[in-house]
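Novice: Make one complex out of these two single chains by using the hints.
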Amino acid sequence: MAKDNEILGRVLGPGAPELTCEQCFDELDRYVELVLAGERADERIPGMRAHLAGCPACAEDFRSLHDLVSREGG
Amino acid sequence: MATALMTTPTEIPWIDRLRTEGAEGQAAVAELHALLLKAARFEVGRRGAELAHLRGGDQEDLAQQAADDALMAVLRKLDEFRGESRFTTWAYKFALLEAAVKVRRRAWQGREIPLADEGWETLADRSSADRSAENAELFAALHEEIERLGARQREVLIAVTLNGVPIDVLAERLGSSRGALYKNLHDARRKLREALAARGFRVEEGGEG
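Chains as they are written, first to last, in the working numbering: chain A, 204 to 277; chain B, 37 to 245.
This is chain B alone, in the form it adopts within the complex (with noise of 0.2 Å):
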């Protein structure tokens, strides 16, 4: 707690307001959905390309939709604030999680998800001009690979990293969620890079850089 961005004595009101019967408790529930409200409208906004084919009183509507949900996770949660950050920190992550999966799911509506064939040319379809003759193998082996992967695997590796489907699209799509599927594309990840080590390709790490 030495941060002067950690919880400071003016974040208690805010759960104790939330939780007061009457007007007050009303007014402050009132104040947290105009914060909410102001979050989705900086997530839509800042996804205006995606959405470029809604009209403005649809973009403003997506974001009303995102405040009222997040308002009603927030109030669910309240219990769960430990206050490790300051309250309205805390509150904002799930109006922007709101809005960038309505955005998202919006933006995909009406499209077929690609699966696997445009994934499999990313993969493989460069010529060999551009690619040396170490990574040519090491992409052959990759193909290998990934086809031996279960149905599901396969099918979330190749959308989310190779055809650019969002998780929350492809969660939507195949009833489940983001943190389901994304256990799927771990473990997928893993099955593959321990395949290419015992191939005796060396796979540096990433994600620290």
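Bound conformation, chain A alone (with noise of 0.2 Å):
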């Protein structure tokens, strides 16, 4: 079950309204600096959670620039 409803996540994506990938990486710093320091990062950018859910090279670079600023002491 848990198998199936991951794949199904896979394919049928978030289902919610989300960002373009242009629109996330315009974002994607603020987001970042949002999440970081505890902000309300997904109301303040909303679309944004469910496009890094939906996308997966977006979601990795959320990861690799929340990793790296978060290792810098942001």
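In case anyone wonders, no lab produced these hints; they're calculated from the structure.
Worth double-checking, as some hints may not be accurate.
Heads up, simulated EDC-like pairs for lysine to aspartate or glutamate below, C-alpha to C-alpha not over 16 Å straight-line [unchecked claim]:
#  : chain 1 : residue 1 : chain 2 : residue 2
1  : B       : Lys74     : A       : Glu275
2  : B       : Lys113    : A       : Glu225
3  : B       : Lys74     : B       : Asp105
4  : B       : Lys227    : B       : Glu240
5  : B       : Lys74     : B       : Asp104
6  : B       : Lys227    : B       : Glu241
7  : B       : Lys219    : A       : Glu225
8  : A       : Lys206    : B       : Glu183
9  : B       : Lys113    : A       : Glu230
10 : B       : Lys74     : B       : Glu148
11 : B       : Lys113    : B       : Asp52
12 : B       : Lys227    : B       : Glu170
13 : B       : Lys113    : A       : Asp229
14 : B       : Lys74     : A       : Asp270
15 : B       : Lys227    : B       : Glu180
16 : B       : Lys74     : B       : Glu96
Specialist: See below:
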């Protein structure tokens, strides 16, 4: 069941309003800093979380920037 | 601008210095390149497993190329920096993107892109014992609806979501872009959700958990 749900999630995506890849890249630096600051990142940038759930490449970009800035004490 | 992470006055000199003519401007560009190279090496390093077949020198070349390309992108887009994050965070994302795309493409160099067959197996080739009757019906319907998609939407959906092909790699092979292919994927997902709902299946929203 868990495997089925995982496959369905990948195939059908978030099913919620989401940003485009271009909008995601434009907002990525601000989103990462809001997340690291414990601000309400998902309220401030609606559609980002859904996009990161649906787009594996943008999700990897988010994790990389998050981890790099976090490592630097951001 | 309530948070300490937002732009501070120290960000302004970055932009000013990069636009300065002469030795000061060149020094700022060199400093920026060093930052971008650090970010590119970070990305290449964390993706080492994908590049296990490359020598260390090749990985460094990849990081250098990514930093060079990111520097050009940052300098070209300086006017677009809105000051809503620190300048370095904004600049890093270009280096990380360049490095990630280069690593993905290098990792898939010479490999065939699976556009269909393996994906069908992921959907269909599981024994009925592993799947509830309800899910078996849902997956059968999903299979049918995927077959009804247009060729491009079907290819992108299967390659990216079932066969694990990085969207940047697929974009390069198809002469397209990440954004354009993601639009295909997004439209395909919307059609599938609508079709499944019309057939009486309840598919929950994801991405908020």
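Novice: Which numbered hints does this structure break?
Specialist: 8, 10, 12
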